[in-house]
Amino acid sequence: NAGVTQTPKFQVLKTGQSMTLQCAQDMNHNSMYWYRQDPGMGLRLIYYSASEGTTDKGEVPNGYNVSRLNKREFSLRLESAAPSQTSVYFCASSETANQPQHFGDGTRLSIL
Amino acid sequence: DQQVKQNSPSLSVQEGRISILNCDYTNSMFDYFLWYKKYPAEGPTFLISISSIKDKNEDGRFTVFLNKSAKHLSLHIVPSQPGDSAVYFCAASEGTDKLIFGTGTRLQVFP
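Protein chains in written order, with this note's numbering: chain C, 1 to 112; chain B, 1 to 111.
Hint data in this document are derived by calculation from the structure and do not stem from the laboratory. No experiment lies behind these values; they were computed from the predicted model shown. Incorrect hints may appear among the rest.
[As the list claims (entries may be wrong)] Simulated restraints on C-beta separations:
#1 Asn28(C) with Ser51(B): 22 to 28 Å
#2 Glu15(B) with Gly16(C): 48 to 54 Å
#3 Pro83(C) with Ser10(B): 27 to 33 Å
[What the hints assert, rightly or not] Simulated crosslink set (EDC-like; lysine to aspartate or glutamate; CA at most 16 Å straight-line):
#4 Lys38(B) with Glu59(C)
#5 Lys71(B) with Asp55(B)
#6 Lys38(B) with Asp105(C)
#7 Lys68(B) with Asp55(B)
#8 Lys9(C) with Asp31(B)
#9 Lys98(B) with Glu59(C)
#10 Lys71(B) with Asp31(B)
#11 Lys68(B) with Asp31(B)
#12 Lys98(B) with Asp105(C)
#13 Lys98(B) with Glu95(C)
#14 Lys71(C) with Glu52(C)
#15 Lys14(C) with Glu79(C)
#16 Lys56(B) with Asp84(B)
#17 Lys71(B) with Glu94(B)
#18 Lys38(B) with Asp84(B)
#19 Lys68(B) with Glu42(B)
#20 Lys68(B) with Glu15(B)
#21 Lys71(C) with Glu95(C)
[What the hints assert, rightly or not] From the derived model, a few chain C residues whose C-beta atoms are all more than 12 Å from chain B:
#22 Gln11
#23 Ser67
#24 Asn70
Ideal Cβ positions, reconstructed from N, Cα and C, are used throughout, including at glycine.
Could you put the whole structure together from the sequences, leaning on the hints where they help?
Now the structure itself:
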């Protein structure tokens, strides 16, 4: 049972390039989330999807777009990467709101 | 403005003793609180949660205490083990999907 799988694990981009981070969960969860973790900042919510077909902004949505492709998959897109988006990105899922979220192992993204 | 604060960046505890990790929050509408543990190069792992209708929840060596009047949450680990060495995050929500995380406390358990 893989849980939450994120790809890629590492990526280096140049400023202005675009990229999609992929996330898939096999727990039949309804809700999925994207966070970023920066030093001294904890985890901050970028976007979330409470159910298939819906997405909502979190704390720090600027510069990102998301797609809930189906119940299993939730992708995060950077259209024009900026150095300020250098971070570790975590995807998570939960059965519903107010249930514990299960996290993937993260994507380490560096933007030069 | 940080709604969930973990004011101790690090904590060092001897194996077998109690570890107490603290968390303060400012939003009185928070009604669900969680603790996560994170090892390097891995995602956070859920440890224990508590809803605002309770003041204590216990799961094995882990106990979470909630003091709503003080807006304070604590995690007790008894007895502490070397495998507990990790970064611990508290998180809170107000009945929605949006979790607000603290900045984390690094716990080191030494022999």
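Hints, verified against the model:
| no. | hint | result |
| --- | --- | --- |
| 1 | Asn28(C) with Ser51(B): 22 to 28 Å | holds (24 Å) |
| 2 | Glu15(B) with Gly16(C): 48 to 54 Å | holds (50 Å) |
| 3 | Pro83(C) with Ser10(B): 27 to 33 Å | holds (28 Å) |
| 4 | Lys38(B) with Glu59(C) | violated (21 Å) |
| 5 | Lys71(B) with Asp55(B) | holds (11 Å) |
| 6 | Lys38(B) with Asp105(C) | holds (10 Å) |
| 7 | Lys68(B) with Asp55(B) | holds (8 Å) |
| 8 | Lys9(C) with Asp31(B) | violated (34 Å) |
| 9 | Lys98(B) with Glu59(C) | holds (9 Å) |
| 10 | Lys71(B) with Asp31(B) | holds (11 Å) |
| 11 | Lys68(B) with Asp31(B) | holds (10 Å) |
| 12 | Lys98(B) with Asp105(C) | violated (20 Å) |
| 13 | Lys98(B) with Glu95(C) | holds (14 Å) |
| 14 | Lys71(C) with Glu52(C) | holds (5 Å) |
| 15 | Lys14(C) with Glu79(C) | holds (12 Å) |
| 16 | Lys56(B) with Asp84(B) | violated (21 Å) |
| 17 | Lys71(B) with Glu94(B) | holds (14 Å) |
| 18 | Lys38(B) with Asp84(B) | holds (10 Å) |
| 19 | Lys68(B) with Glu42(B) | violated (32 Å) |
| 20 | Lys68(B) with Glu15(B) | violated (31 Å) |
| 21 | Lys71(C) with Glu95(C) | holds (11 Å) |
| 22 | Gln11 | holds (15 Å) |
| 23 | Ser67 | holds (17 Å) |
| 24 | Asn70 | holds (18 Å) |
Violated hints, listed in ascending order, are 4, 8, 12, 16, 19 and 20; each of the other numbered hints is respected by the structure.
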